[in-house]
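**Student:** Below are the chains, spelled out letter by letter.
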Amino acid sequence: MECKGKVWKFGEDIDTDAIIPARYLNTSDPAELALHCMEDADPEFPGKVQPGDIIAAGKNFGCGSSREHAPIAIKAAGVSCVIAGSFARIFYRNAFNIGLPIFECAEAADNIEENDQVEVDMKSGRIINKTKGEEYSAVPIPPFMQEIINAGGLINYVARRVKQNA
Amino acid sequence: MAMTITEKIIAAHAGRDSVAPGELVNAKVDIALGNDITAPVAIREFEKLDVKTVWDKHRVVLVPDHFVPNKDIQSAEQAKMLREFSRRHELVNYFELGRMGIEHCLLPEQGLVLPGDLIIGADSHTCTYGALGAFSTGVGSTDLAAAMALGEIWLKVPAAIKFVYSGELSPWVGGKDLILYTIGKIGVDGARYRSMEFTGPVIEGLEIDGRMTMANMAVEAGAKNGIIIPDDITKNYVTGRARREYDFLDSDPDANYEQIYDFDVTNLSPQVALPHLPENVKPVEEAGDISIDQAVIGSCTNGRISDLRQAASVLKGKKIDPRVRAIIFPGTQEIYRQAVKEGLVEIFIDAGAAVSTPTCGPCLGGHAGILGAGERAISTTNRNFVGRMGHPESEVYLSNPAVAAASAVAGRIIHPGEVA
Ligand code: SF4
Chain A
1 MECKGKVWKF
11 GEDIDTDAII
21 PARYLNTSDP
31 AELALHCMED
41 ADPEFPGKVQ
51 PGDIIAAGKN
61 FGCGSSREHA
71 PIAIKAAGVS
81 CVIAGSFARI
91 FYRNAFNIGL
101 PIFECAEAAD
111 NIEENDQVEV
121 DMKSGRIINK
131 TKGEEYSAVP
141 IPPFMQEIIN
151 AGGLINYVAR
161 RVKQNA
Chain B
1 MAMTITEKII
11 AAHAGRDSVA
21 PGELVNAKVD
31 IALGNDITAP
41 VAIREFEKLD
51 VKTVWDKHRV
61 VLVPDHFVPN
71 KDIQSAEQAK
81 MLREFSRRHE
91 LVNYFELGRM
101 GIEHCLLPEQ
111 GLVLPGDLII
121 GADSHTCTYG
131 ALGAFSTGVG
141 STDLAAAMAL
151 GEIWLKVPAA
161 IKFVYSGELS
171 PWVGGKDLIL
181 YTIGKIGVDG
191 ARYRSMEFTG
201 PVIEGLEIDG
211 RMTMANMAVE
221 AGAKNGIIIP
231 DDITKNYVTG
241 RARREYDFLD
251 SDPDANYEQI
261 YDFDVTNLSP
271 QVALPHLPEN
281 VKPVEEAGDI
291 SIDQAVIGSC
301 TNGRISDLRQ
311 AASVLKGKKI
321 DPRVRAIIFP
331 GTQEIYRQAV
341 KEGLVEIFID
351 AGAAVSTPTC
361 GPCLGGHAGI
371 LGAGERAIST
381 TNRNFVGRMG
391 HPESEVYLSN
401 PAVAAASAVA
411 GRIIHPGEVA
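For the protein sequence lines, the chains are A and B, in the order given.
Residues 1 to 166 in our numbering are what the first sequence spells out, letter by letter.
Residues 1 to 420 in our numbering are what the second sequence spells out, letter by letter.
Isolated chain B, as found in the complex:
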């Protein structure tokens, strides 16, 4: 039976020859992930089970990244729960402050998630790893608890939607713009319960960082997973990182898609999502005259080295508008070090930006850059819901790193071409 890559991965992990959309299966997981918000709830549920330890101490991954460095006593207690649990169960992949990163930047970098894997994480942006040709999806804490005990998850096989991108990308346009454009077209529930498969010549030419940005935001369209067929670019990325076997799968030519979208993106401008939904997308030229108080560059969506390079290329030799606070969050320690080595951090500091240790920080309105009432931010993160970055009367505009950097210089939302 013809299958999509998503169906093949699920079938392989459910011990089946084939699966079809709508079927409920019990599947083995390769990696189960939790963070300092979701894992405490999972640990409490796990402890209600009559099991001595986790199913595999190499494959339960805990990353304290949301409120770390601990922002208050309660967050410190939550992070402590992860640390103690990791010690008690001898988890190999617990990442302490100073050696950590935002989970979805960290796991691919460390070679923990690989093509052909089935990954679940108690974090909605677990879908990021689809960029490597894995099936990965966000679940809740109780699901994580069950997976930590059994190494299994119940799943409904999703129907698939295929997105074919063709044409020539303009300067300053990349993965973030492609995914924002797509969400703008189909809406925040346009792929609800579905698998989004990103294909076409533009995707084939996209580097791994841009692919991760796209898969990352599949959940913003309501999708269960986003996925890209692995190729040579994937191979280059995982080579040297992977410490176990992996599997390059492909969708069959006659696989079944509920819908196919063809997007010619030749004249696509950098995209901006206006408050308060990621589907309120406009080309940056049509965003209007929007002054900003803060620019945030980083997160699991755009905190990778190529994102920082892009921001630095705009900020080099420029000064951030005196009314704007610019905050830059490298995704992991390794990315941070690379940014120091390449002189990017110096460019940021010379421009008047703050550079933070890796953390989710302001992305979810946690800490390190909260907005006050009426304040506005341009941000390379993935959500602009009411109150997402602080006060319920603040506003978040989503964009790529070049737009965020250029807007920080201008003090209002602009096309990077205007300052670079």
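One chain only, chain A, in its complex shape:
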């Protein structure tokens, strides 16, 4: 999917309980999780988010729990990518492992506002803010993570290793 759409802007230290509250973790069905994505941070989000929309936030996005349900819910809600000042480490791993594109860029996090139209070039990590006519560049994705993305997520990557070992 292309990373192109309207921005939903959130603050700093958005934790995994805000992304998907534990009261919904009695399921891991992506479609159901999507219905409650970000609802404690912005109750309108799950009802109004459109396919392709982008989440932008401040530092330490995804802090807290290891729940993979968090990036799963965001992806299933149709969000094309997350741009943040920085990411908490388990969220960072999980996003790559399940194939949710994320971009670390403090400048973008500072300047992008709610409702801006934004486009990201996945390969170069160039973030284009169409509304403001600005451009920012994200921290490049490490080659190993790129390999995981190219394989289509960690499980596909591991599946290849399993075959090699066999």
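The set of hints was computed from the structure by calculation and includes no laboratory data.
Hints are supplied without guarantee of correctness; some may be wrong.
Claimed, not checked - Computed list of lysine-lysine pairs in DSSO-like fashion (alpha-carbon distance at most 30 angstroms, straight line):
| hint | chain 1 | residue 1 | chain 2 | residue 2 |
| --- | --- | --- | --- | --- |
| 1 | A | Lys123 | B | Lys156 |
| 2 | B | Lys48 | A | Lys123 |
| 3 | B | Lys156 | A | Lys163 |
| 4 | A | Lys163 | B | Lys57 |
| 5 | A | Lys163 | B | Lys52 |
| 6 | A | Lys9 | A | Lys132 |
| 7 | B | Lys156 | B | Lys8 |
| 8 | A | Lys163 | B | Lys48 |
| 9 | A | Lys9 | B | Lys185 |
| 10 | A | Lys48 | A | Lys123 |
| 11 | B | Lys282 | B | Lys319 |
| 12 | B | Lys28 | A | Lys163 |
Here the structure of chain A is known, so what remains is to put chain B with the ligand in place on it, guided by the hints.
**Tutor:** The following block gives chain B with the ligand in isolation, referenced to the frame of chain A:
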């Protein structure tokens, strides 16, 4: 090359002589852990792989603890997935209700995690085992699936931050206060992607339970792991529990630290983290006049026997304020039994508290103690995010067990010295 204990453990498990911060390695794991929230997702991913069974049936550990005893039909289905998977793959370390505990209290107690180990768990508080001198870190479900298949994990070697605690601890001050104080100083991302090494005379004098409380909350500062150099206290703890070899490692004197913090904690008061971040820390005297509706004592942070002893020493012969619900969660069945044996449970019940079977329960707002709108809890757990214990308009204050117990008696947040 001089290395920290964390670097040494990672190097040993990656088959390398040395590693340096920033390097990506593939490391062998000693234990891979999942629970009833994260393992169902991992099992589904695992089943997409073309492997017959798990890499080692002794080393994949599954603990249903979050929504157990099953709180509703959907949770029952999730727990059932763990049970069936464990039977199908003949897992030796699956822990059923009645024989279980909160994972991070249970694994050390059962001798499953040991000094020098490299442990991954699909639960962020897997970092708890650093208290034993192991490298242990939280990962996601897909990482767990990969580890269940291969017995390996990809890791970036973290840079290290050293924390040196010196001075004399005041009464009612322990591991929880030290870690809350530390998070208050460096912030919830102050150790992001880093290893936190807790050292100094105060740590050397800290019992294993207090050390686990500290390592447990390393993730609340964004850290990859928290770790304490193993010593005689560690040895006493693992002796009689360990059923395999283990390794006592130490950081080299000239190991590289990105930062070193020196904290003199002589006059440290019990600490309280105010809503809605674990970094909003104040000494209890400065928390303000905060009335409470609920007091929660337990969890993987403070559900061990010494925590219950501390709470009981405050509650003995007292009554919990009529407006307060106090809920006590022993960390494991063994801790529960010990608490019964020592008469602690009787003290709790006499005081008017509810004592639960081991479960994560209200810690993550799962069940057994959810807060309504506008309600406030003092809790010995580790997170006070918006909605963490229930309604998004409820509030959680984090503290040690003595503060939580004293506050339950007073009906508002107070210093334990005021009632004990
Ligand atoms: S007690 Fe709380 S923090 Fe610990 S594992 Fe359970 S839910 Fe997580």
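**Student:** Each of the hints needs a verdict: does it hold here or not?
**Tutor:** Hints versus structure:
| no. | hint | result |
| --- | --- | --- |
| 1 | A/Lys123 <-> B/Lys156 | holds, 22 angstroms |
| 2 | B/Lys48 <-> A/Lys123 | holds, 28 angstroms |
| 3 | B/Lys156 <-> A/Lys163 | holds, 25 angstroms |
| 4 | A/Lys163 <-> B/Lys57 | holds, 21 angstroms |
| 5 | A/Lys163 <-> B/Lys52 | holds, 12 angstroms |
| 6 | A/Lys9 <-> A/Lys132 | holds, 15 angstroms |
| 7 | B/Lys156 <-> B/Lys8 | holds, 14 angstroms |
| 8 | A/Lys163 <-> B/Lys48 | holds, 13 angstroms |
| 9 | A/Lys9 <-> B/Lys185 | holds, 28 angstroms |
| 10 | A/Lys48 <-> A/Lys123 | holds, 29 angstroms |
| 11 | B/Lys282 <-> B/Lys319 | holds, 27 angstroms |
| 12 | B/Lys28 <-> A/Lys163 | holds, 19 angstroms |
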